Every structure is written in C-alpha cells, then in structure tokens.
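Participant: The primary structure of each chain is shown beneath.
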Amino acid sequence: QKEVEQDPGPLSVPEGAIVSLNCTYSNSAFQYFMWYRQYSRKGPELLMYTYSSGNKEDGRFTAQVDKSSKYISLFIRDSQPSDSATYLCAMSSSGGYNKLIFGAGTRLAVHP
Amino acid sequence: KAGVTQTPRYLIKTRGQQVTLSCSPISGHRSVSWYQQTPGQGLQFLFEYFSETQRNKGNFPGRFSGRQFSNSRSEMNVSTLELGDSALYLCASSINPGQGVGEQYFGPGTRLTVT
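In the order they appear, the protein sequences are chains A and B.
Counting in the working numbering, the first sequence runs from 1 upward without gaps.
Counting in the working numbering, the second sequence runs from 1 upward without gaps.
Source of the hints: derived by calculation from the structure; they are not laboratory data.
Quick caveat, the model's predicted, so the values are computed rather than measured.
All C-beta atoms, glycine included, are put in the ideal place defined by N, C-alpha and C.
One thing to keep in mind: the hints can contain errors.
[What the hints assert, rightly or not] Using 27 Å as the maximum straight-line C-alpha spacing, the simulated DSS-like pairs for lysine-lysine come out as follows:
| hint | chain 1 | residue 1 | chain 2 | residue 2 |
| --- | --- | --- | --- | --- |
| 1 | A | Lys70 | B | Lys57 |
| 2 | A | Lys42 | B | Lys13 |
| 3 | A | Lys2 | A | Lys70 |
| 4 | A | Lys56 | A | Lys70 |
| 5 | A | Lys67 | A | Lys42 |
| 6 | A | Lys56 | B | Lys1 |
| 7 | A | Lys2 | A | Lys56 |
| 8 | A | Lys67 | A | Lys2 |
| 9 | B | Lys57 | A | Lys42 |
| 10 | B | Lys13 | A | Lys2 |
| 11 | A | Lys42 | B | Lys1 |
| 12 | A | Lys42 | A | Lys56 |
| 13 | A | Lys56 | A | Lys67 |
| 14 | B | Lys57 | B | Lys13 |
[Unchecked claim] A few chain A residues that don't get close to chain B, going by computed Cβ distances all over 10 Å:
| hint | residue |
| --- | --- |
| 15 | Gly9 |
| 16 | Asn27 |
| 17 | Arg41 |
| 18 | Tyr49 |
| 19 | Ser53 |
| 20 | Asn98 |
[Claimed, not checked] Here are a few chain A residues that face chain B, going by a calculated C-beta distance under 8 Å:
| hint | residue |
| --- | --- |
| 21 | Gly54 |
| 22 | Lys67 |
| 23 | Thr86 |
| 24 | Leu88 |
| 25 | Phe102 |
| 26 | Arg107 |
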C-alpha cells in the first residue's frame, strides 16, 4: 500500500464548477501538506502549503486537512479551462526535512 | 526574483553512459532537493542537500549521486545509465526554516532519455 493515495482521474468538469480533489495517507507522522499544479511538460507549481490540521484559503483555492481521518482536500471554485492540469498532493513529516511524498496526481479537464 | 533553473532541459544518452544535471536554486534558498518523475512511479524523492551536505536520501541505487556547492547550486550525477532511468528529473529549492519542512519550488526539469 502506498503512503499517499490519490485518484488519478481523469476528472472532467464544466467551466464554473466547484472541483474537489482529495488524497488519503497512512503515515500519522505527516504534518506538512502541499498541493501542486503541473501542466504538461512543466515543473510542479506550488498552490497551497499547510501545516497540521485546518483550512487555508487563497483566491479560488481552499485546502483542507483532517489529520484524524488522514484526509486532505483541495477545492477550486469557479473553475476555468486554464485550471486544466494535473494536481499533485504532497506531504512530509517534520523529521523528514524537505523530503516530500507525492500522490500519483489527478488529471483535471475543465471544458468551456 | 528568478525561479529555479535547470540545465540542460533535454538530454539523450546511451545505456552505460553517465550524465550530470545542474540546478540553480532561487536566490537565498539553501536547500535543494532532487526528484525523479516517471509515468509509472510518479514523483519520487532522490536526495536533499543543505549547506553542501546531503541531509536526506531516497530509495535509489548508488548510481545516483549529487553534490551542492557553496553558492547552493547543485548537481546530480547518474552513472552507468539504464533504460529505466529515462525520466523527468526535477530540482526543488526551499529557503528552509531550519526546523520542519519549508515551501518547495520546482524548476522546469531535465528530460532525460536513455536509448
């Protein structure tokens, strides 16, 4: 079993929809949680960085962490065709320094 | 502020050869991490360097090595290339708060093809 599980999709939604992306994990030592967006043939771009549990909002993006359930989510409001990309969750424990464990990534397509 | 840069962007090598990839972190960032991305295994951590010292290492064979220079620039080397080493190699830099895990910013990657 992988430490981080993420549904690879693809997920197809109409423009303007609210998108929900999720990851589950098994390592209870994880305390740092990140979401990256990766366009084809590009490097991952950091979208959200959160520590421990709770919510964080940045523009159209909201990240949620539920450590009791070992479950993290990324919500995208008012989705746009330009949001079409692969979304990767990543996490780490404080003892892991900057070693990130990534999910497989979810491919998202937002159609006009 | 300039982002993470990686050179070269594309590389084609033959089995058995060795290759060196370069990464320049964001100015002021002292931590550099390397990752391998393949369709089958996804993004996997190779190693991290901080202040010229390897601080963490992933589960890769000894053919994969790296180093960091005093200006925080980093190189990774793969010796005796195998077909399975074909991948996108990504470098990430972090300002590193000293404790915990910092925000990591990725470069565009080097796409290595081994024939």
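Participant: Hint by hint, note whether the structure agrees.
Facilitator: Hint by hint, here is what the structure shows:
Restraint check for lysine 70 (chain A) and lysine 57 (chain B): the C-alpha separation of about 25 Å stays at or below 27 Å, so the hint holds. Taking the CA atoms of lysine 42 (chain A) and lysine 13 (chain B), the gap is about 21 Å. The hint holds against a cut of 27 Å. Annotation: proposed proximity of lysine 2 (chain A) to lysine 70 (chain A) holds, straight-line Cα distance about 13 Å (limit 27 Å). For a cut-off of 27 Å, the pair hint linking lysine 56 (chain A) to lysine 70 (chain A) stands: about 17 Å separates their Cα positions.
For the hint linking lysine 67 (chain A) to lysine 42 (chain A), the alpha-carbon distance of about 31 Å lies beyond 27 Å, and the restraint is violated. Taken as a hint, the lysine 56 (chain A) and lysine 1 (chain B) pair is honoured in the structure, with Cα atoms around 25 Å apart against an allowance of 27 Å. Restraint check for lysine 2 (chain A) and lysine 56 (chain A): the C-alpha separation of about 26 Å stays at or below 27 Å, so the hint holds. For the hint pairing lysine 67 (chain A) with lysine 2 (chain A), the CA-to-CA distance comes to about 17 Å; that is within 27 Å, so the pair holds.
This hinted pair checks out: lysine 57 (chain B) and lysine 42 (chain A) have alpha carbons roughly 24 Å apart, not beyond 27 Å. Pair hint lysine 13 (chain B) plus lysine 2 (chain A) does not hold up; C-alpha atoms about 31 Å apart against a cutoff of 27 Å. With a CA separation close to 19 Å, the supplied pair lysine 42 (chain A) and lysine 1 (chain B) stays within the 27 Å bound. Between lysine 42 (chain A) and lysine 56 (chain A), the direct Cα distance comes to roughly 25 Å. Compliance with the 27 Å bound is thereby established for this hinted pair.
For the proposed pair lysine 56 (chain A) and lysine 67 (chain A), the alpha carbon gap of about 14 Å is at most 27 Å, so the pair holds. Of the supplied pair hints, the one linking lysine 57 (chain B) and lysine 13 (chain B) holds, its CA atoms being roughly 25 Å apart against a limit of 27 Å. The non-interface label for glycine 9 (chain A) is consistent with chain B: the shortest C-beta to C-beta separation is roughly 14 Å, beyond 10 Å. Residue-level check passed: asparagine 27 (chain A) sits 13 Å from the nearest beta carbon of chain B, beyond 10 Å.
A Cβ of chain B approaches the Cβ of arginine 41 (chain A) within 10 Å, the least distance being about 8 Å, so the stated non-interface status is violated. For tyrosine 49 (chain A), the requirement that its beta carbon stay farther than 10 Å from each beta carbon of chain B is not met, with the minimum near 5 Å. Under the 10 Å C-beta cut-off, the non-interface status given to serine 53 (chain A) relative to chain B holds; the minimum distance is some 15 Å. Against the 10 Å criterion, asparagine 98 (chain A) falls within the reach of chain B, whose nearest CB is about 5 Å from its own CB.
The interface hint given for glycine 54 (chain A) is broken, as the beta carbon of that residue sits about 16 Å from the closest beta carbon of chain B, more than 8 Å. For lysine 67 (chain A), the interface hint is violated, since its Cβ never comes within 8 Å of a Cβ in chain B; the closest pair sits about 15 Å apart. Interface hint at threonine 86 (chain A): violated, since its Cβ lies 10 Å from the closest Cβ of chain B, which is beyond the 8 Å cut-off. The restraint placing leucine 88 (chain A) at the interface with chain B holds, with a minimum CB-CB distance near 7 Å, inside the 8 Å limit.
Below 8 Å, beta-carbon pairs count as interface contacts, and phenylalanine 102 (chain A) has one with chain B at about 4 Å; its hint therefore holds. Against a cut-off of 8 Å between C-beta atoms, the interface hint on arginine 107 (chain A) is violated, since the closest Cβ of chain B lies about 12 Å away.
Figure legend: structure checked against the earlier numbered hints; hints not met, in rising order: 5, 10, 17, 18, 20, 21, 22, 23 and 26.
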